[in-house]
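**Q** Given the structure of chain A, go ahead and fit chain B onto it with the hints provided.
Number of protein chains: 2
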Amino acid sequence: MPSYRAPVEDTLFLLNDVLAIHRYDNLPGFSEASPDVVEAVLNEGGKLASEILAPLNLSGDQEGCTRRENGSVATPKGFKAAYDAYAAGGWMGLSVPEEFGGQGLPHVLNTAIQEFGSGANLALSMYPGLTQGAVAALLVHGSQEQKTTYLPKMVEGAWTGTMNLTEPHCGTDLGLLKTKAVPNGDGSYSLTGTKIFISAGEHDLAENIVHLVIARIEGAPSGTKGISLFVVPKFLVNEDGSLGERNAVSCGSLEHKMGIHGNATCVMNYDGAKGWLVGEENRGLNAMFVMMNEARLAVGVQGLGQSEVAYQNAVAYARERLQGRALTGAKAPDKVADPIIVHPDVRRTLMQIRAFNEAGRALILWTALNSDIAHRSQDAAERQAAEDMLGLMTPVVKGVLTDRGFANAVEAQQMFGGHGYVEEWGMSQFVRDARIAMIYEGANGIQAMDLIGRKLPKDGGRAMMAFLTEVQSYIKDHGEDEAMQPFVAPLQPALNDLQAAVMWLMQNAFSKPDNAGAGATDLMHLLGNVVLGYMWARIAKAALAKKAGGTDIERMDAKLVLGRFFMERMLPETSLRLARIKAGAETTMALPAEAF
Amino acid sequence: MPSYRAPVEDTLFLLNDVLAIHRYDNLPGFSEASPDVVEAVLNEGGKLASEILAPLNLSGDQEGCTRRENGSVATPKGFKAAYDAYAAGGWMGLSVPEEFGGQGLPHVLNTAIQEFGSGANLALSMYPGLTQGAVAALLVHGSQEQKTTYLPKMVEGAWTGTMNLTEPHCGTDLGLLKTKAVPNGDGSYSLTGTKIFISAGEHDLAENIVHLVIARIEGAPSGTKGISLFVVPKFLVNEDGSLGERNAVSCGSLEHKMGIHGNATCVMNYDGAKGWLVGEENRGLNAMFVMMNEARLAVGVQGLGQSEVAYQNAVAYARERLQGRALTGAKAPDKVADPIIVHPDVRRTLMQIRAFNEAGRALILWTALNSDIAHRSQDAAERQAAEDMLGLMTPVVKGVLTDRGFANAVEAQQMFGGHGYVEEWGMSQFVRDARIAMIYEGANGIQAMDLIGRKLPKDGGRAMMAFLTEVQSYIKDHGEDEAMQPFVAPLQPALNDLQAAVMWLMQNAFSKPDNAGAGATDLMHLLGNVVLGYMWARIAKAALAKKAGGTDIERMDAKLVLGRFFMERMLPETSLRLARIKAGAETTMALPAEAF
Chain A
2 MPSYRAPVED TLFLLNDVLA IHRYDNLPGF SEASPDVVEA VLNEGGKLAS EILAPLNLSG
62 DQEGCTRREN GSVATPKGFK AAYDAYAAGG WMGLSVPEEF GGQGLPHVLN TAIQEFGSGA
122 NLALSMYPGL TQGAVAALLV HGSQEQKTTY LPKMVEGAWT GTMNLTEPHC GTDLGLLKTK
182 AVPNGDGSYS LTGTKIFISA GEHDLAENIV HLVIARIEGA PSGTKGISLF VVPKFLVNED
242 GSLGERNAVS CGSLEHKMGI HGNATCVMNY DGAKGWLVGE ENRGLNAMFV MMNEARLAVG
302 VQGLGQSEVA YQNAVAYARE RLQGRALTGA KAPDKVADPI IVHPDVRRTL MQIRAFNEAG
362 RALILWTALN SDIAHRSQDA AERQAAEDML GLMTPVVKGV LTDRGFANAV EAQQMFGGHG
422 YVEEWGMSQF VRDARIAMIY EGANGIQAMD LIGRKLPKDG GRAMMAFLTE VQSYIKDHGE
482 DEAMQPFVAP LQPALNDLQA AVMWLMQNAF SKPDNAGAGA TDLMHLLGNV VLGYMWARIA
542 KAALAKKAGG TDIERMDAKL VLGRFFMERM LPETSLRLAR IKAGAETTMA LPAEAF
Chain B
2 MPSYRAPVED TLFLLNDVLA IHRYDNLPGF SEASPDVVEA VLNEGGKLAS EILAPLNLSG
62 DQEGCTRREN GSVATPKGFK AAYDAYAAGG WMGLSVPEEF GGQGLPHVLN TAIQEFGSGA
122 NLALSMYPGL TQGAVAALLV HGSQEQKTTY LPKMVEGAWT GTMNLTEPHC GTDLGLLKTK
182 AVPNGDGSYS LTGTKIFISA GEHDLAENIV HLVIARIEGA PSGTKGISLF VVPKFLVNED
242 GSLGERNAVS CGSLEHKMGI HGNATCVMNY DGAKGWLVGE ENRGLNAMFV MMNEARLAVG
302 VQGLGQSEVA YQNAVAYARE RLQGRALTGA KAPDKVADPI IVHPDVRRTL MQIRAFNEAG
362 RALILWTALN SDIAHRSQDA AERQAAEDML GLMTPVVKGV LTDRGFANAV EAQQMFGGHG
422 YVEEWGMSQF VRDARIAMIY EGANGIQAMD LIGRKLPKDG GRAMMAFLTE VQSYIKDHGE
482 DEAMQPFVAP LQPALNDLQA AVMWLMQNAF SKPDNAGAGA TDLMHLLGNV VLGYMWARIA
542 KAALAKKAGG TDIERMDAKL VLGRFFMERM LPETSLRLAR IKAGAETTMA LPAEAF
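First to last, the protein sequences are chains A and B.
Letter by letter, the first sequence follows residues 2 to 597 in my numbering.
Letter by letter, the second sequence follows residues 2 to 597 in my numbering.
Looking at chain A on its own, in the form it has when it is part of the complex (with noise of 0.2 Å):
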């Protein structure tokens, strides 16, 4: 049977040593945020995460979630009990103002704890987690009145959010869509439509379900233009709060998923049930990205909780599985055979996923912080700068860390051998929920020319340039310092790769966008590559300046040796994706449709 720890005291030192979050102690929540409360809040998240939330993943793998007749749907045994702990734990209002109930505490908080649930189980904690969506979309685009109805509700946890964009013809596209909105003359509409893909549509963890649904007002412009917003509750809302007559919103059914199949994914029917407009008319893309990037955020680190959890699993079968002996000689010779941990290709594995999931943390981390800046500093340039970073860094966030921690999955999986491919070892779940991570809120490939036709050119590329001159700058600083070298001289080749391949887009990329499409994904891995290797080396200084002071010394030593495996063996990937990258679009885009 699987498992899972919080990895809290890694999360501590990010938060304390590598990221100093007490210098932000000026934002507001911050100064709440002190040492023992930020260990406290992680310590209880952690408890959560690895004693009431972890122990259920398994077990709602194999029962998933069944809709009956009258279209109520039932989650996995045990998950109502989970969600009510989680609900009563607070953890849903954890960085919201204090005025809807939340905590207000900072986001990067927020997100070290959404990690931990979803390492511990993705499916469940995916009701929580678009709840918070729907929560950030309501906070930033509702009217005073919405906020009051819905957000103290869903932020106790009683009522839960969805985000239904998508139809059957149209994912990426949505200008296609067809869900249609009429005025009903009361300031409310009627919205008729089929959406598709909507997780946590229906179940049975809450009393109310407020969705976010984006549709066209009759005679809107066609396209992109022509979409709005709209809250549309499944239970109304009585003036009093007290929930009033069914919506006409329904589940018509369930998918069949690879994974996550806790997690209720519902084709949901309008049938003309009533909505209310959330922001302006038409500008329903604009407020539902609020919503998509906070969520794309989540979704990155859904992708490092799942690589956790499967390296955890695998770190327990490598010390216990008895099998072959040492190269260099026997290691337990009083077993029968050595465990396999000793073994340089299992090792090599161990390293591999774990020398990310730290870097990867960090960068998380790190960009939850760059959010929680943008939207808290008194600082117009402070802001700006962190909005900066966050917008380049959140289709690496979301497209870098799931293609990589599904991909460690699958090597954590590949360690148990054939008991790796046998539903009841769990390796198998977690390949199969990670891959959910790569698709939803935007494929992997969308983050990618998000990153390339929107983030890199915005503003003159502004925040490219930004990052490009604060890893040069952290190089040059600690090129003096010896102990420094083995984590800033290879960032140097990692940065020219990254740079050159900034400039060789600007000079082929404008006259010819194919070439930007063609190199878009390992841009995406390239950049990703660097920004891992900036964390790395931010970490090792951090524990440097530990080991300096005389603490935690093996701790810090063996994030020395990660480090290291990740600067020789990992980084070395950027020249790849600057040749890919190079090769333009010629060959990709030779063919004619008909010659594939």
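Treat the hints loosely; a few may be bogus.
The list treats identical chains as one, so a pair stands whether inside a single copy or across any two.
As the list claims (entries may be wrong) - Using 25 Å as the maximum straight-line C-alpha spacing, the simulated SDA-like pairs for lysine to any residue come out as follows:
(1) K48 to K148
(2) K583 to E569
(3) K275 to T167
(4) K332 to Q500
(5) K336 to E45
(6) K179 to K336
Don't read these hints as lab results, they were simulated from the structure.
Bear in mind the structure is a predicted one, so any value in this text is a computation, not a measurement.
**A** Just chain B now, with coordinates in the frame of chain A:
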């Protein structure tokens, strides 16, 4: 509903134009394989795969196998009729000697048919596939009586075969096995023990099942030196060849697996089952290796098969799915959006899979041809050279083609967005089915160790030297040929990387074997990349010749583009692999086991 079309044309091109198998007309069986026979065989085999096997793939996955209370196992609906058609076509014995009911044709043809079966329906094709492995072992190591008793029935498909190696506590490390064989005094043995992960261990497709089982004869040495191979039929065979009493071997349970649900993966209980020694006492591993080597190639073929079927369905989807507009302007202005095949990132995906598939198919057929030469040539030197190449390429075919085959299935699934995650579309099944090929018949890490620890140093490195020389000569021979430059010029640095890796290992791995272990997987993929590049050069040459002859211009042009794509974007991976190998084992092995 997914579909499959056997790549008959491409296979014919590889056999006739690239490998020119008619050059081997002097070998037994090859003169019978005239061009028209080859074409007829491939067309028939392709039809069987596309029309009989493929339509049962998705339903077989959804239904799976069922063990009844009496221990019998039901395969999915339609499997029996399809299996009968497979058997009736004589496919099991395509390359088995005529004296045992086979057709004696080259193994290279059989390999092509294996690909078609694996692509169409992996779970179903495993039943005859395992039979072929068992036939191969009995052909080499069985007594005349055993051959006469079992082979004709297996070749005609009335009986199937299995291989029983794994036990709960031993997979890779077979020296730990506990299954016991006690002599009965009449030449037979009583076998007692439990075997797990036995594919096709019990089913309702055939009258009898011939288990090949490794066990330790009472009093035999411990470890791998005391392992013997036995033939243990499900029903004992009377002297007249009719079936006698039920043997004491039974299926205790079925595994719940990630994929290949249509194949029964059994726990097999041997409760004093009657068996007969195959080959010599305590030389069982030796005998089993015949079967295993055969099986490893067949598993590599499975990786390719899944990659091909995933590719075909992704192409169909990319042509139909309308979403977004081409970066260079609308390509289907009459439609609401362009088909996604216009998008460079979609193209990149398709090109990458296909550039792998065509070279992978060439590698598989080239290796199968070497197997034919090694087994059928009268010329000792020719035999040895072919045997060397076969041995060197076996771990590459198994390891690289299944790693990449799986990765390609994942990439193809990705193109479907959310639909790829929904089981009805079939893409999830390709991913789940392809996953097993990386694991069974020796997990890919074991293949890498086989390459670096056995195949590379064997006979003073003779096989690797021969390969390096062959590719170097090829590059030299085509150095003056303008049209071949895009293919041979990039091959040189890749070959240099391989050479450098081999040199580095010679200097650094003998004294420190961990340096070999830590670089094993990278060496396997480095060699794989070079040999795929070499295959592309040979394909390009044949394509240029065909074009010069004025035939098949468009198809050949497509191959030249695919070959260039491979050279530009895939082959440069060799330098990353080399960098990792040269990093050695230091950081990989530095952490104590507790630090993970």
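**Q** Each of the hints needs a verdict: does it hold here or not?
**A** Hints, one by one, checked against the model:
1. K48 to K148: Neither. Shortest intra-copy (31 Å) and inter-copy (62 Å) distances fail the 25 Å Cα cut-off.
2. K583 to E569: both (24 Å within a copy, 9 Å between copies)
3. K275 to T167: within (19 Å within a copy, 61 Å between copies)
4. K332 to Q500: neither (46 Å within a copy, 33 Å between copies)
5. K336 to E45: For K336 and E45, neither the intra-copy (39 Å) nor the inter-copy (54 Å) Cα distance is at most 25 Å.
6. K179 to K336: between (66 Å within a copy, 15 Å between copies)
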